[in-house]
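If you count by the working numbering, then the sequence shown holds residues 565 to 688, one letter each, in order.
There may be inaccurate statements among the hints.
Result set (DSSO-like, lysine-lysine): computed pairs, CA atoms no more than 27 Å apart in a straight line [said to hold, decoys possible]:
#, residue 1, residue 2
1, Lys575, Lys608
2, Lys667, Lys608
3, Lys608, Lys668
4, Lys608, Lys670
DEER-style ranges, computed between Cβ atoms [stated by the list, open to error]:
#, residue 1, residue 2, range
5, Ser579, Ile686, 35 to 41 Å
6, Cys574, Asp663, 26 to 32 Å
7, Asp657, Gly593, 15 to 21 Å
Read the hints as simulated data drawn from the structure, not as lab findings.
Note that CB positions come from ideal geometry on N, CA and C, so glycine has one too.
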Amino acid sequence: MSSSREFDQCKTTGSSFESCTFEGVTVRGGDWSFVNLRHAPLRKMNWSDVRLVEADLYGADLTESRWTNAALTRAVLQHADCTAADFIGADMDGVDFTDVALKKTKLDVMQAVQVARSLGAIVE
Numbered sequence: 565m566s567s568s569r570e571f572d573q574c575k576t577t578g579s580s581f582e583s584c585t586f587e588g589v590t591v592r593g594g595d596w597s598f599v600n601l602r603h604a605p606l607r608k609m610n611w612s613d614v615r616l617v618e619a620d621l622y623g624a625d626l627t628e629s630r631w632t633n634a635a636l637t638r639a640v641l642q643h644a645d646c647t648a649a650d651f652i653g654a655d656m657d658g659v660d661f662t663d664v665a666l667k668k669t670k671l672d673v674m675q676a677v678q679v680a681r682s683l684g685a686i687v688e
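Input sequences plus hints: build the corresponding full structure.
Right, dumping it as structure tokens:
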């Protein structure tokens with residue numbers, strides 16, 4: 565039997581959730597900056613409107629997750645699986661997209677330019 569947990573406008577700044585299970589967890593807003601979510605299973609979760617500045621999402625499963633209007637400035641996404649994730653409108657300034665799985669990932673134009681630059685393209 566799974567139970568539901570809610571983080572409603574919580575401040576978890578600097579906390580570590582490495583490899584934690586997020587089944588039944590709902591996140592609504594809040595500040596998750598500098599949080600360690602390495603290898604976390606965040607599949608199909610909604611992180612819209614959450615602040616995750618410099619969050620460590622290394623190797624996390626972000627498949628089919630939603631990040632609308634999230635602040636992911638300088639977040640670490642290396643080896644994360646972002647298959648079919650929706651980042652439209654998220655602030656991803658300073659994110660390095662090298663070694664990130666982006667199959668069917670929804671990006672806006674600015675994010676697409678960042679991806680291209682991360683992969684060595686010169687965008688003019």
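Evaluated hints:
1. Distance hint between Lys575 and Lys608 is fulfilled; the C-alpha atoms sit about 22 Å from each other, no more than 27 Å.
2. The straight-line distance between the Cα atoms of Lys667 and Lys608 is roughly 15 Å, inside the 27 Å bound, and the hint therefore holds.
3. With a C-alpha separation of about 14 Å, the suggested pairing of Lys608 with Lys668 holds against the 27 Å cut-off.
4. Only pairs whose Cα atoms come within 27 Å are accepted, and Lys608 paired with Lys670 is accepted, the gap being roughly 14 Å.
5. The given range of 35 to 41 Å is respected by Ser579 and Ile686, whose C-beta atoms sit roughly 39 Å from each other.
6. The given range of 26 to 32 Å is respected by Cys574 and Asp663, whose C-beta atoms sit roughly 30 Å from each other.
7. A hinted range of 15 to 21 Å for the beta carbons of Asp657 and Gly593 is consistent with their spacing of about 20 Å.
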